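Chemist: Next come the chains, spelled out residue by residue.
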Amino acid sequence: MKNEQTQIIKQGIWSNNPALVQLLGLCPLLAVTGTLINGLVLGLATTFVLVGSNVTVSVLRHHIPQEIRIPVFVMLIASFVTNVQLLMNAFAYELYLILGIFIPLIVTNCVIIGRAEVFASRHSPLRSLIDGVSQGIGFTIVLVILGGAREIIGQGTILDGAHLLLGEWAKNLKVSFYLTEQKFLFAILPPGAFIGLGLLVALKNRLTSKN
Amino acid sequence: MALSSPFFHQSLSTQQIMLITCLALIPGALAQSYFFGYGVLINLCLCITYAISAEALVLLLRKRKIKQVVSDNSALLTGVLLGLALPQTLPFWMSFIGVWFAIIIAKQLYGGLGLNPFNPAMTGYILLLISFPVEMTAWLPARTIASHFPDFTETLQLIFFEKTAEGMTIEYFRLITDGFTMATPLDYIKTEFTQSKMRSEILSNQYLTDNIYAWTVINSCYLLGGIFLLLRKIIRPHIPLSVLSSLFITSFILYQFDSEATNAPLFHLFSGATMLGVWFIATDPVTAATTPRGRIIYGLCIGFLVIIIRTYGGYPDAIAFSILLLNLAAPTLDHYTRPVIYGHQKEEQANE
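Top to bottom, those sequences are chains X and Z.
For the first sequence, counting from 1, position 138 maps to 138 in this note's numbering; every step adds exactly one.
For the second sequence, counting from 1, position 115 maps to 115 in this note's numbering; every step adds exactly one.
Rather than coming from a laboratory, the hints here were simulated on the basis of the structure.
In this text the structure is predicted, and so the values were computed from the model without any measurement.
Every residue, glycine too, gets a C-beta built ideally from N, C-alpha and C.
Be aware that one or more of the hints could be misleading.
Claimed, not checked - Here are some chain Z residues pointing at chain X (derived, C-beta under 7 Å):
hint, residue
1, S131
2, I227
3, L230
Said to hold, decoys possible - List time: in silico DSSO-like cross-link candidates among lysine-lysine, alpha-carbon distance up to 30 Å:
hint, chain 1, residue 1, chain 2, residue 2
4, Z, K63, X, K183
5, Z, K163, X, K210
6, Z, K63, X, K210
7, X, K183, Z, K190
8, Z, K163, X, K204
9, X, K204, Z, K190
What the hints assert, rightly or not - Just a few of them, taken from the derived set where beta-carbon distance is under 8 Å, the chain Z residues facing chain X:
hint, residue
10, V58
11, L127
12, I130
Next up, chain X with everything else stripped away, as it sits in the complex:
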């Protein structure tokens, strides 16, 4: 039993990572990882929705008719996304404006519907909870690494905008590596995200193939 749970955690974070192995949810992954904080916030929001949807789908799995399961899943996910959106609107308004359309678009994030269909609708609530958390963390880690790398290369800082998430004291967390009048726009624009993700996937494959 214990062994099985660690297996689920390991799968979510490493061997079946949603962003690096399943290559799911790439639209928000590529669009919002301009800075580390943006990536982190979207990762947390996605994790929250993923955990919520996984648990509810798992609890209700015997009551959902097989034929209309996808619409039901989408409605469940959409209600969680609405919660996240309203909460962010209330407590982190600036981040809400930065992430914009990508918060409501979590509804269509394939990681979430994928886990609901593949995992939660076939497993117990506890396992689905663990799966949701670990898949969410796996996704968030990739968002943070990609966001951090693009932020360092693109504008020479890290943790820019941390105060939007953590409050005023966090303004001091921002570190500038180099000052430049001219941002390296390529890293901040979508093509930089594609290439960055490609390199991350390559790195992951390299590490796996060595074992």
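Start from chain X and add chain Z according to the hints.
Modeler: Using the frame of chain X, we list chain Z on its own:
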């Protein structure tokens, strides 16, 4: 079995083709350095060094035979093309990023020469253009109209320190005699058009016409180089001719609609990177379409896109964008335009 006459055929090696292409670029490069100064030559040296070092580094990592592969001269050609395409006083680290990206990401990561879907030089150029739009459009005015033309040491200082010993930046050298800065003709005219000026009014500026003259000479020299390649049978005429005719026809049609708000067809043919792109980059044997009909469609689309982007798009020149877009379409074009093999019926081949 010895080959007899109809099958006997001596083809050039990749090494020779690349080298002859580089040689054909010499007249254009000379004209460009005449009008824009030492920066062109310094850029060429820098880019060639970067290109060959990047190629050697990747080959080392991939455990290939370095000397054998580097001597195919393809990295040399990429370096030369980028050196000619970049503004003369671009900071050295920017050209470094462009060339290393071109060789490592756009070429070697796909598997090296012959496997890259995009033209490496143009990919590097686009990377720099969208990353550093200010520096990448900071072309000097031609020697004939510049008020302060940088000499050799000043050019070196601009490239390596971004300002001269006297503290002058590139902006100082971009001034022309009447105290305004002058971009490339394409860029300048585009800006004037957005301010609703009439074409005849814009062209009444003597400095602009002098600058256009410089670009026309440069383009003519590249045209000469291209014709040389055609005569040596390094390239085939399909692509260059179809690009040029499509450029001409599209701009001619637009020009007929409103001759005061669009550029004349001949201006399009002899400005910006037109001739360099048409003869040396669009004809890249690796990334262009390969069937005869495919090549013609490929060329026509490039010419059409160039005019559309130059006229309605956000960037002053469009050769690099159009070529990269059509690089992407080349495999599809090849697939749908396969010629009928001698002895086969048309349908027979379609069923295969």
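Chemist: Which of the numbered hints above does this structure break?
Modeler: Those not satisfied are hints 2, 3, 4, 5, 8, 9 and 10.
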